[in-house]
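Chains as they are written, first to last, in our numbering: chain A, 422 to 731; chain B, 615 to 834.
Read the hints as simulated data drawn from the structure, not as lab findings.
Hints should not be assumed to be uniformly reliable.
Taking lysine-lysine pairs in the DSSO-like style, the calculated list, with each CA pair at most 30 Å apart, reads [what the hints assert, rightly or not]: (1) Lys577(A) <-> Lys535(A); (2) Lys620(B) <-> Lys602(A); (3) Lys638(A) <-> Lys620(A); (4) Lys620(B) <-> Lys603(A); (5) Lys638(A) <-> Lys711(A); (6) Lys464(A) <-> Lys638(A); (7) Lys588(A) <-> Lys620(A); (8) Lys637(A) <-> Lys602(A); (9) Lys533(A) <-> Lys620(B).
Which bits of chain B does chain A cover? Going by a derived footprint, with three or more residues having C-beta under 8 Å, they are [claimed, not checked]: (10) 776-785; (11) 793-800.
Built from N, CA and C at the ideal position, the CB exists for glycine as well.
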Amino acid sequence: MNRRTLLGGLFAAASVPALAACSSGITSLENQGSAGSGGGSSKGGLTIGTANFTENQVLGYLYAAVLEAAGVKVTVRPNLGTREILIPALRGGDIDLLPEYQGALLHYVSPKAKATEEGEMQNALTIALPSGLQVLPYGMAEDSDAFVVTRETAGKYGLASLADLKKQNGKLVIGAAPEVKKREVGAVGLKEVYGVEFKEFKSLDSSGPLVKGALKKGDVDVANLFTTDTDIQANDWVVLTDPKNLIPGQHVVPLIADRKADATVRKALARLGNTLTTAQLTELNRLVDKDKKDPEDVADEYAREHGLVK
Amino acid sequence: MYELLKNLGDWLVSGEQWSGSDGIAHRLAEHLQYSLLATLIAAAIGLPLGLLIGHTGKGAFVAINLASFGRALPTVGLVVLVFLAGGLSMLPVYVALVALAVPAIVTNTYAGMTAVDPDVKDAARGQGMRAHQVLFQVELPLALPLIMTGLRLALIQVVATATIAAYVSFGGLGRYVFDGLAQRDLVQVLGGAVLVAVVAVALDLLLSGLQRFLFRHRTA
């Protein structure tokens, strides 16, 4: 289970207006998500919903910890499902706040959006989100797609970046979730942007046991994983760099209903966003997935250790 | 809803969809290949086992329970387990499909054998028939209708489950289901599901027709 699952599901959100991404030039980081945050108030408390994978739940409890410390009454409803369930629940008032990811959320509300840079995406999101919803400033932590090879493969073929894959056209086998075959951030984009052609595309799972097992055993040469996957570090795998910015940023970003977005919430979540790094988030995932700790305990302990709560 | 059915119809009949390595014709051939091979392997294991325990009456408890254990194994779990142990090949798929098919074959073969009238067996022995003659000339022919039912059941289950080959990157009609789900292409998912159902029903009708033809002179 992982970030892509949040995207998955059968029924694309037909109700969401599809706006083209904003043009170039709007890269200011100011004004993030400030649209329409006039009358919101968190005085009556708010409900956080999270998706059906570990990291999202950890993030939800982190949000809860910092908001409670700021005096907001919080209810957490974990493991609700995918975006297809969460976004309607957010609009309908069942939940008020949801940990999201910039690129994936933008793709969801505006499938044709071309923005990949953080500031651009933040602005594109502000434009594309349905009325009543807004994003708050995005955090430092990021859970993006990564194309990963083993240390051995990297040495054998001289691979450091996605551009290097082109030198081995027709030789390498890639393993990824089935949707990656037809995705821009996948086989399609790798061909268009980097001119990479694989020998074969093996449809496996997204950053799960199949694709990682296949990479470990050498059944695939390149695997599509997520940057916060703890196995990357554990196995000393090499994440190929992306010099042409094919892969959109996936910074963690709070998606909130306008009715609850006030200065208290905004400041508390921004402080968390400025503290939590990708490496730390990866470690928190590891604590839950590998050490089988409770996500709420893990989140509370992190918040205490980093002075986010007293 | 109407739109969906119309798209589904278009998908199923478009010539483009039928050709090429991702075309329906090719996927159908793959699906049949996986299913038939898995059922054959299962028959090679299940038939002798069922005949043996049916004939001797020994080990029935163990064999039937072991077979039921195979039936209770979650197929996807088994695929992942064998995959992680053995790597990426068709082996995990075949192991899972065979584990699914063996129980139906063993239990039906055994049931067919035990349903043979003991008096008939006695009479055969009384005429001086040897054990293997009793088995192959008396018991087996009498048990054949139930044995065939077991094979039929096994094949249908395997056809319906062979979609998991796509879960570990291989072909078959499951490709449409898994790719469609991942790509949020409902028409493709439905198309795949409908094709699997059609293949299963068609094979079932074919085999039951064959069964009726073969045993047309028998009274039930």
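Check: Which earlier hints turn out false for this structure, listed by number in ascending order?
Finding: 1, 6
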